[in-house]
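Colleague: If you read the sequences in order, they're chains A and B.
To get my numbering, take the position in the first sequence, counting from 1, and add 30.
With the first letter of the second sequence counted as 1, position 419 gets the number 402 in my numbering; the numbers rise by one all the way through.
I should point out that these hints are in silico values taken from the structure, not numbers from a laboratory.
From the three backbone atoms N, C-alpha and C, an ideal C-beta is built for every residue, glycine too.
Just to be clear, a hint being listed does not mean it is correct.
[Unchecked claim] Pairs of lysine-lysine, BS3-like flavour, derived with a Cα cap of 27 Å:
no., chain 1, residue 1, chain 2, residue 2
1, B, LYS568, B, LYS553
2, A, LYS325, A, LYS502
3, B, LYS568, A, LYS325
4, B, LYS453, B, LYS360
5, A, LYS134, A, LYS325
6, B, LYS553, B, LYS143
7, B, LYS142, A, LYS461
8, A, LYS325, B, LYS592
9, A, LYS461, B, LYS563
10, B, LYS589, A, LYS325
11, B, LYS453, B, LYS143
12, B, LYS563, B, LYS553
[Unchecked claim] According to the in silico footprint, chain A covers these stretches of chain B (three or more CB under 8 Å from chain A):
no., segment
13, 25 to 39
14, 329 to 342
[Claimed, not checked] Here are the computed distance ranges between Cβ atoms for each label pair:
no., chain 1, residue 1, chain 2, residue 2, range
15, B, GLY9, A, LEU378, 50 to 56 Å
16, B, GLY176, A, ALA231, 33 to 39 Å
17, A, ALA466, B, LEU535, 53 to 59 Å
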Amino acid sequence: MGGFPILSAMLLVPLVAAMACLLVRAGTARSIALVATLLNLALGIALWANYDIGGAQWQFTERHEIFQGFSYALGIDGIALLLIVLSVFLMPICILASWESIQKRVGEYMAAFLIMELLMIGVFAAQDMFLFYIFFEAGLIPMYLIIGIWGGANRIYASYKFFLYTLLGSVLMLIAMLWMVNASGTTDIPTLMNYDFPVKAQTWLWLAFFASFAVKMPMWPVHTWLPDAHVQAPTAGSVILAGVLLKMGGYGFIRFSLPMFPEASAQLMWVIFVLSMAAVVITSLIALVQHDMKKLIAYSSVAHMAIVTVGLFSFNVQGLEGSMIVMLSHGLVSGALFLCVGVIYDRLHTREIDRYGGLSINMPHYALLFMLFTMASVGLPGTSGFVGEFLSLAGIYKVSTTVTLVCTTGIILGAAYMLYLYRRVAFGEQKNADAAAMSDLNLREWLMLGPIAAAVLWMGVYPESFLAPMRKDIAALDARLSRAAPSGDAHLVAGEPKAEAANAMPEGVGEHEATAEGAH
Amino acid sequence: MTSIYFIVFLPLLAAVVGGLGNRALGNTVVKLLTTGALFASCLLSWPIFLAFIGGTAEAGVVPVLQWVHSGSLNFDWALRVDALTAVMLVVITSVSALVHLYSWGYMEEDPDQPRFFAYLSLFTFAMLMLVTADNLVQMFFGWEGVGLASYLLIGFWFKKPSANAAAIKAFVVNRVGDLGFMLGIFGTFLVFGTVSIPEILAAAPSMSGSTIGFLGYRMHTMDILCILLFIGAMGKSAQLGLHTWLPDAMEGPTPVSALIHAATMVTAGVFMVCRLSPMFETAPVALSMVTFVGAATCIFAATIGTTQWDIKRVIAYSTCSQLGYMFFAAGVGAYGAAMFHLFTHAFFKALLFLGAGSVIHAMHHEQDMRYYGGLRKQIPFTFYAMLAGTLAITGVGIYWLHAGFAGFHSKDAILEVAFARGTELANFAFWMGAFAALLTSFYSWRLMFLTFWGRPRWIESEHIQHSVHKTPEQAGDDTTGGYHPHESPVSMLIPLGVLTLGAVFAGFIFNPQFLESENFWGGAIYFNEGLIHAMHGVPLWVKLSATIVMLLGFVTAWFAYIRDTSIPGKFVEQFRLLHKFVYNKWYFDELYDFLFVRPAFWFGRKFWKIGDEGIIDRFGPNGAAWLVEQGAVVAKKVQSGYLYSYALVMLLGLIAAVTWVMM
């Protein structure tokens, strides 16, 4: 790729397309958005293909100083690469999902989505802390508009709640950032990742960043914006929200909290553990009693994200890599589940679970894909969900068996609420004539769900494609964290091995009888 | 060795093509494809097994694909073939191929056959991945894969609410076991730094004296690891406590019960303990648990089996009970005997289930034995097949000739070995096993007598009433209602015939290799030479005990169900409470419902309505919004625009400021 500024190009494409969308009629706007997102997907693939695994830590770097202490600096490592690829992969699918269901203000809608894409890529590619902050916070605006304008009946409440929560955290984060720049004299993220802040200050800085990332994640108990936002958002909004926006919290932890404040992270990891354990159990139980499909999946997202946070704070390679895979997998799977809801919502205009039933009869292809994503959400081995969950939990086991036990109950509860959902939607008798008359997936819907299904299986069977790019970066992070790494509660104490097997028989017992009687 | 690729992946290919092709390919093509693939797998499996029997084969591992490499945690897709795998290969592919064939007849009228056959093949693939696993994680893949297939097949008739409930129950209860399995894998990785089975087994003895922390307690490393793994085995093999899903799983079509819930999947737990036997041998407490749970399940399930009326449920509890035998055999160190019983059980239990399927097929889907009777003459082939199965499960044989049906060889060996082991717990297992053998004989013959002997009671069945369009009153003295049960089609009879051969000869032929030949196992399981010697030395009454209780059970059943059919009623009258307790399956379902299911939903609702909405939202975002609103109201009042109120505020401010400075 030589000197071609591919990251800037990926920001520019959606920006230009967004402006174009504002000026043209609905039909053209859809086409422009689709072409632009596909173009960005192609750029994303090129990015992945040209990423030199094992090469420099930061690649595709661009840097233009704008004024003292603020520069337009882009660049990615393996972690950012994967999240960018996830974003550009989901975007064309979102455009397709909105193809028919969005009929008012189409140009503005497409523009909002394209701006959203720009900001998401920006967040993951920014190498300047304030540039990151701008992208990170600006992402709120298009999502706020998407929920508030194209959302459901109670969209205003949901969008305010979303905005209030997220804003609260970010104010504290900004103050912390200003303090950091003052203390270290740089806004360069790679430099800051290796800067040693005084341990005392770390605690406050960590808490300030935590306020922002915990809300984004979302962690219990600051999660209540998510179910409302999901329920009110249009399908594509939910996909981006669950697929990418939630990952910004995890990315924040992995990019800021952990490498910049390792001591504070070790000190305060109990906060993460307690909240995550609570999240797994409580939100899973809440998911069990939901009547609204989107709400159920939203609550399940909170439980899954808790596995991410415990994995991140396990201070070892398995936990970190596992968390990354859970993020990628959840991005695909929960996105796909929201699309599955969208498919039937478009036909019947209700998210009420009880209005459906027996869809396996009239929508067999839909039922098959829905089953695949259900199983991926449950973490069945062979799907992406398993690899991430397994690694995260294996990582956390080294730190605390209790946390592992509590978080692993998620696999039981997860199975319960997902299968209960699937049963009520796809199995049983066809109770309602209108639900029974719904047609199976059309080509457009296949194009949305098919690629995700393939990706889910790919990540489950051969996750090396996704582990390889980030291996070196995770190892570097692990090395940086090692000085603060806690000792686990499971540590082994060697002892004298026993000489004999448990069921070893005393020598010679019964031998003479055996020879006398012959073999039985 | 390359044939193992085909053995494992042909069923997957068939499942994918058949499942996705579904209606496009049509019933016959999908059925030919899946059944053909399974017979091919089966034909390729037997040479491997026979080579191990002949002592000419060597264990080996064939790589497939890299899977996960994360730091020091590495595991890949690979297929391991050794004697233990070879045994499982022939069991799985043979029973599966026969069940595929059987389903041609049994599922003939079902509108959804391609899906059924695709699921069956998918199951077989997952089971094969489980038994060829070279590392714990691939075993877990197979473990969950068979769980998925089992879920799909139990719920195959997805319009039935009871089938859906049973399917979810099976999956979720299994997941409770999986929790243990997963923690076991994590712990194993922590201790050994690897999940490769051969490496773990090699390193296990060196860790036998160490301790490790778990939930804040210090425990013996190997004991806690093996207990965690065994909890996984308990779930999959429906052992006491985690058994509740198995009887309900009978909601699935009968061929499924034969394949998954009798011959293969439920034995995965036993397989796991045998596969990890060198590891379990370093964990005495875990082995005690295995022995105890096995013995307890063995007797517990047998008691319930004696009271049930549904023909499939009787066989299901029988399976549960037989799995108990396998576990306590493993627990006392006789892994060869456990695997031997697994092997013979696969044949005779699949035979019994498929026979029951044939009876149900003949009786217009009626499963209640109270409405059977006198079927011996109507469906003779099925009768003889089930008779062979019954003789095999009850362990009919003649000690002095060393000749008998399959169960005679394997079950006797287990009882003898338990007695020979000599510890208190092993003795407990022996007595439980002997008593359970009595009950096994009783309920098996009860099933036979109720079904094939006596006078027809068919007209009492609603299914039959629907078929002949008569009520019992209209039928009068003709208790058959004019219904004519028909023998099943050839596609169903061939599997019965083949399995009958297995039930008759499998024990006799393979006895020496399984029980006595260290050479055959070639290190695939922990081989306990001393225990085998001790087994031969047990007193004669022990060796005859299984035969004696078998005869007792037979005679009791004969008295109660042939000689004087009023005995069972009187017995139940006499011990009403006891019968009610046993008949209701010891109230496990009710207990779990009360302890887990209801509280989960109750807590879910409370956390949602009180936690999220009542507290977090109320004092969080809504509270903040309310504060802002109130603040605005105050601000609005303050900014009234009246000069005098501003002047007042100024005056008050001035006074305050002056006071502050003065003080």
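Colleague: Decide, hint by hint, whether the structure agrees.
Modeller: The hints, checked one at a time:
Among the hinted pairs, LYS568(B) with LYS553(B) is consistent with the structure: their alpha-carbon atoms are about 21 Å apart, no more than 27 Å. Using a Cα cut-off of 27 Å, the hinted pair LYS325(A) and LYS502(A) is violated, with the two alpha carbons roughly 38 Å apart. Pair hint LYS568(B) plus LYS325(A) does not hold up; C-alpha atoms about 38 Å apart against a cutoff of 27 Å. Only pairs whose Cα atoms come within 27 Å are accepted, and LYS453(B) paired with LYS360(B) is accepted, the gap being roughly 23 Å.
Simply put, LYS134(A) and LYS325(A) have alpha-carbon atoms about 25 Å apart, close enough for the 27 Å limit, and the pair holds. Restraint check: the Cα-Cα separation between LYS553(B) and LYS143(B) comes to about 36 Å, which exceeds 27 Å; the hinted pair is violated. Simply put, LYS142(B) and LYS461(A) have alpha-carbon atoms about 11 Å apart, close enough for the 27 Å limit, and the pair holds. Straight-line distance between C-alpha atoms of LYS325(A) and LYS592(B) comes to about 14 Å, which keeps the hinted pair within the 27 Å bound.
Between LYS461(A) and LYS563(B), the direct Cα distance comes to roughly 37 Å. Violation of the 27 Å bound is thereby established for this hinted pair. Proximity of LYS589(B) to LYS325(A) is assessed by CA-CA distance (about 16 Å); at most 27 Å being required, the pair is judged to hold. Proposed proximity of LYS453(B) and LYS143(B) is supported: the alpha carbons are some 26 Å apart, at most 27 Å. Distance check on the hinted pair: LYS563(B) and LYS553(B) sit about 14 Å apart at the alpha-carbon level, within 27 Å; holds.
A stretch counts as covered by a chain when three or more of its residues have a beta carbon under 8 Å from one of that chain; for the segment 25 to 39 of chain B and chain A the count is 0, and the coverage is violated. Counting residues of the segment 329 to 342 of chain B whose beta carbon lies closer than 8 Å to any beta carbon of chain A gives 0, which falls below the threshold of three, so the coverage claim is violated. Checked against the given bound of 50 to 56 Å, the beta carbons of GLY9(B) and LEU378(A), roughly 32 Å apart, lie outside it. Evaluation of the 33 to 39 Å hint for GLY176(B) and ALA231(A) yields a pass: the beta carbon distance comes to about 37 Å.
Range check, ALA466(A) to LEU535(B): Cβ separation about 57 Å, and the 53 to 59 Å hint holds.
Going through the hint list in order, the structure does not satisfy hints 2, 3, 6, 9, 13, 14 and 15.
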